[in-house]
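Using the sequences and the hints given, assemble the complete structure.
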Amino acid sequence: MIKVQDLRKIFKVHRKKPGFAASVKSLIRRDWIDKVAVTGSTFEVNEGEIVGLIGANGAGKTTLVKMLSGIIHPTSGKAEVLGHVPWKREDAFRRQIALIMGQKAQLWWDLPGADCFELLREIYQIPPEQYRKTLDKLTEMLQIGEEMNIQLRRLSLGERMKMELIAALLHSPRVVYLDEPTIGLDITTQRAVRDFLLDYRQKNAPAMILTSHYMEDIERLCERIIIIREGEIVYDGSLDRVMREYAPYKQLRLNVHRDSANPLDAASLEMMGKVVECDPGSLCLRVDRDKVPEVAAELLRKYSVIDLSIEDPEIGDTIERIMAGKANEAL
Amino acid sequence: MSPSLFFHLVLVEAKKLMSYRVDFWITMVVALVVNLVILWALWEAIFAESGKELIGGWDLNGILAYGVMVFLTGRIVRGGDLQMTVATDIYDGALSRYLLYPRHYPFIKYAQQVGNILPDLFQSLMMGLVAIPLLGISTTADVTPMSLLMAIPSILVAHLLFFLMSLTPQYIAFWADNVWSLSVMLRFVTMLLGGAMLPLTLFPESIQVGLHWLPFSYLFEFPTLVALGKIDLITWFEGICYCLLWSLLIGLLSIPVWRRGDLRYTGVGI
Chain A
1 MIKVQDLRKI FKVHRKKPGF AASVKSLIRR DWIDKVAVTG STFEVNEGEI
51 VGLIGANGAG KTTLVKMLSG IIHPTSGKAE VLGHVPWKRE DAFRRQIALI
101 MGQKAQLWWD LPGADCFELL REIYQIPPEQ YRKTLDKLTE MLQIGEEMNI
151 QLRRLSLGER MKMELIAALL HSPRVVYLDE PTIGLDITTQ RAVRDFLLDY
201 RQKNAPAMIL TSHYMEDIER LCERIIIIRE GEIVYDGSLD RVMREYAPYK
251 QLRLNVHRDS ANPLDAASLE MMGKVVECDP GSLCLRVDRD KVPEVAAELL
301 RKYSVIDLSI EDPEIGDTIE RIMAGKANEA L
Chain B
1 MSPSLFFHLV LVEAKKLMSY RVDFWITMVV ALVVNLVILW ALWEAIFAES
51 GKELIGGWDL NGILAYGVMV FLTGRIVRGG DLQMTVATDI YDGALSRYLL
101 YPRHYPFIKY AQQVGNILPD LFQSLMMGLV AIPLLGISTT ADVTPMSLLM
151 AIPSILVAHL LFFLMSLTPQ YIAFWADNVW SLSVMLRFVT MLLGGAMLPL
201 TLFPESIQVG LHWLPFSYLF EFPTLVALGK IDLITWFEGI CYCLLWSLLI
251 GLLSIPVWRR GDLRYTGVGI
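Those protein sequences? They're chains A and B, same order as listed.
Going by this note's numbering, the first residue of the first sequence is number 1, and it counts up by one from there.
Going by this note's numbering, the first residue of the second sequence is number 1, and it counts up by one from there.
Errors might be hidden in some of the hints.
[As the list claims (entries may be wrong)] Interface residues of chain A toward chain B, partial, derived using beta-carbon atoms under 7 Å:
hint	residue
1	His73
2	Arg95
3	Gln106
Read the hints as simulated data drawn from the structure, not as lab findings.
Fair warning: this is a prediction, and the values are worked out from it, not measured in the lab.
Don't be surprised by glycine CBs; every beta carbon is placed ideally from N, CA and C.
If you want it as structure tokens, here you go:
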């Protein structure tokens, strides 16, 4: 559904030194620099797939989404979405896509949701019956009722985001871009939005690209992630694989009887893995994934264990390391 | 664009403007009172000082009628003074949402501009009902039902021309983020050369000849003269055709500017 090949975007950015003199100088002569936002991205997204686009601020996620939705033109490269070149903006293409931007309201603030949706029905030429059915379904899923007739600017952030979701999905798009859809929302609303998106995916199977800084969004919604660092894709694969490749260890946490004849000793434990914390009564040990059963058995055999737990490292920490370009550094 | 979408956009825009009731009434009352007082004081003084019965082919009541009528029609032609919306859309990235819709951006904007004139139309009608009876009888202007009827299409084509004339300069926001000064300049030039400040017959002869070949006079002076019964049927028809021709030319000019500018659009931020 989405095919991207060597897509690049370079912005020309005006650079100005601080101070009044520099401001005066910039009236006459300006310095421009090339800012590489996206460099040579290549990937594909299939029907029914939700792909998480992850990266630090300014990594190029939103630029990529803007190119794929046809808002901006790339500097070079190719992209095809539903068989169309996005930035040609053919009507047939625009009727089948939607973009939700968590940081930017796209509806008309001075109007109630009901009026906005009616207008969108006209813009997308949705047949009245289909419009009524889709609207009823979406409002029910998002539990929006009386808010439909209240001016948007008088609604809470969460309610407005629900309205944005309805607006974006009214025309049943086959490709949906979600740019930080849960930003600024409270935990309950975040959860409601995630549940809604999963439900929508199950019923309609659109291709979705999601950017978010919340790991919970990524973990709940995406089976596959693309990590971007300084405009470049540094990882494209499943969430499971990122853990196997970039965090090939687990953490064993152990509590033992403090009065045991055989107390915990960091030096002897280094043979089994990397000691993260160790005191006479507790231990945190980082062990290669394939050695976990063996090390756990050894610990149980050797010490008077009260409690043993085996944990995966935080996925967020792992991704953060990849984003920072430190994935291969010693853990 | 389908007619139903066009009317929907028009109504939505009108509803939006009328949702601010206080602003709606204050704009109307203040604008009317201020303009009537300035008009009367200014021309009363000019006629008294000059001692003439006619200036530029107008008597005092005639020129006051021109002032009131150009004020009322000008509000509709300018469409709620929203000629900066396109530049603002480009500047703050609101253009992005319109680019996602399967509709042409300028058409959506035009429908919105037409929506903007509905409150102005309503206000102008109400202000006209108050102001016109206050005008004295003039030998140089004659408002009749026929002249008012002929003024309606003249105002509509003038509105289209004004929209297109302000569209292309706003596209410059693709290159220079802030085009506020350009917009102010354009507004001043169109108002002055279009006859919104004073009738063009008061300009020197050579300038009047030059203005004849430019589109400005069709914006404000032409519909006003039509409403005041100073344009015969053939000249009226020619005027409408010239206005449409200028609209077409300026509309065509806007296409390459849009295409070049669109390549530079960033949607704000990276």
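A quick look at each hint next to the structure:
1. His73: 5 Å, holds
2. Arg95: 5 Å, holds
3. Gln106: This interface hint holds because 4 Å falls under the 7 Å limit.
Consistency with the previously given hints is maintained throughout, with no hint failing.
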